[in-house]
Amino acid sequence: MAYLTAFLTGARRTLAARGDLSTQVGMMLLVILALSSVWHAAAVAHGGHVGAYTFGELVWYITFAEACTVPVPARVIEDIGEEIGSGEIAVAMLRPASVVGIRMAIDTGAALARQWCCLLAGGAFAWLLAGPPSAGAATVQAVGVAFLALLLSIALQHALGGIAFWLNDARSTWFLFQKLILIGGGVLIPLNLLPHAVASIFIPLPFAAIAYVPGSFAAGHGSWGLVIGQLCWLIVGFGTAFLVFARGERRLEVLGG
Amino acid sequence: MDVHPRLTQGIEVEELGKTFGSGRRGASQVDAVAGISFRIAPGERCAFIGPNGAGKSTSIKMLTGILRPTSGKATVLGLVPWKERLRLARRIGTLFGQRSQLWFQLTPRRTYALLASMYGVSGADRDRRLGSLGKLLDATHLFDRPVRTLSLGERMRCELVASLLHEPEILFLDEPTIGLDLVAKTRFRDLIVRINEEQRTTIFLTSHDVSDIERVANRVIVINHGRIVFDDSVKVLRQSLLKRKLIGVLFEESVPTLSVEGAEVLSHDGAVAQLEVNTEVTPIRSVLDILLEQYPVADISVEDPPLEEIVSHMYERKA
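Residue numbers (my numbering), protein chains in the order written: chain H, 1 to 257; chain W, 1001 to 1319.
To be clear, the hints were calculated from the coordinates, so they are not data collected in a lab. Since we're looking at a predicted model, the values are computed, not measured. Honestly, I wouldn't trust all of these hints.
Said to hold, decoys possible - Below, a sample of chain H positions facing chain W; criterion: calculated Cβ distance under 8 Å:
1. T5
2. A6
3. T9
4. A17
5. R18
6. V91
7. L94
We put the CB at the ideal spot given by N, CA and C, even for glycine.
All chains, please: the whole structure from these sequences, using the hints.
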């Protein structure tokens, strides 16, 4: 019950900060427009296709990849690091509930509210730019996969943010995470468009499960193998986050007020 | 407000110690708390004071289960805090003056809903308690305003509601009046005393403000360099150590010489002066009367000596 209330509180918090939400959605639409222009030029130059993708599929790919990364800012890692480094985490530890559980429930509520806004606005924008998705049923599946991607991003960020229990700082970690999602996750380029050797390294990694997998489903190129990989990473991500916090809370050293 | 039915155990601390830093290099270790012992009975109002770095907050964090001690024993309400943190959390309340438990983007009522669900307080009980706490703290009208629009004094009242929502048996207050103006401080202190008297909630307070201690606590434990240097009633503290007052004076014009019977001039620079009075020898009122009658006083203030000074007096007395 506490976790459900925390989830709803997070969602309400996002919806209450309308200015922030509008800015994020607006920025996402700008990125979709910019990347669509690039892919349009590439598709025109290659007879309407880029690799296995049509222009329309690429637009829907970008929309879902963005809607899975924009709602969970990589700075969540930095926020967690700051809470640990400054001792702010102590307030959360005084509650009769799991610190990381409540934190993830709040972040999931907040991110899901943002993701729905991004999907609605992004979906309408993609429809205007490229028409309806070519594979309707796959796009519906992509919504579910996008939610799993969101959960994985939150779990991984908490696992990485928890490093601050040992280092007292997680700023370098969020910078690295952001770059890995952008390139290794396939936000800019679908991973199967990269040279085979590079793609075979990136696709099994958790970053691909955050952007590439939902993007592929939205473009009609998804497979259940990708979802199974995503679910495996989800178990690893949540398990690691809970383990890191459990160990970290035991060795917390907060000096002074 | 109901009296809590489980007020049978308080706080018991025995040789509790906490050392920060690497265990491999002795030179980098800091003894934040060096073997303190005390007992606090249910319903007591105890001030736990000391200068910066004395070990107050570290002690509170050990007693609430956030930090694990390096030596000694402690039980709070019969539970070992660092081993049974989640169980203990259901039975204690905390308020840190420098850390907020309310979400700035939301109204306090939303935060209370989340806290109530964490503590397993039902919707009906939550509403009943919010009703009575809102009335007690005169805060009901603040519950539906976004936290970011509240003044510090208003926010602290809402923070106190958050700390009391689950009817804790012990309330840990860490610098609860920091940053509040004089009126808000006075009101806040009165509220703490009322909560203690009406609900029999044990109060464990740390503060740098001597007035917090005088008005809220009936017992004082002073800690310095991780060790307890005083543990007695506020009455004893006042009689033995809080008998000195500092008077700050601003004159309307420069005063060439300053001499007041019963007071020692600590500093005097033209239109500004500071004096010290031993109230055991000279009543503060007589010194103020002389100043106001004989000098062109523009502004005047009476203050307690800083806590650091009081603690150093304790050391002198011990020596």
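Against the structure, the hints come out as follows:
no.: 1; hint: T5; verdict: holds (4 Å)
no.: 2; hint: A6; verdict: holds (6 Å)
no.: 3; hint: T9; verdict: holds (5 Å)
no.: 4; hint: A17; verdict: holds (6 Å)
no.: 5; hint: R18; verdict: violated (11 Å)
no.: 6; hint: V91; verdict: holds (5 Å)
no.: 7; hint: L94; verdict: holds (5 Å)
Checked against the numbered hints given earlier, the structure breaks only hint 5 and satisfies all the rest.
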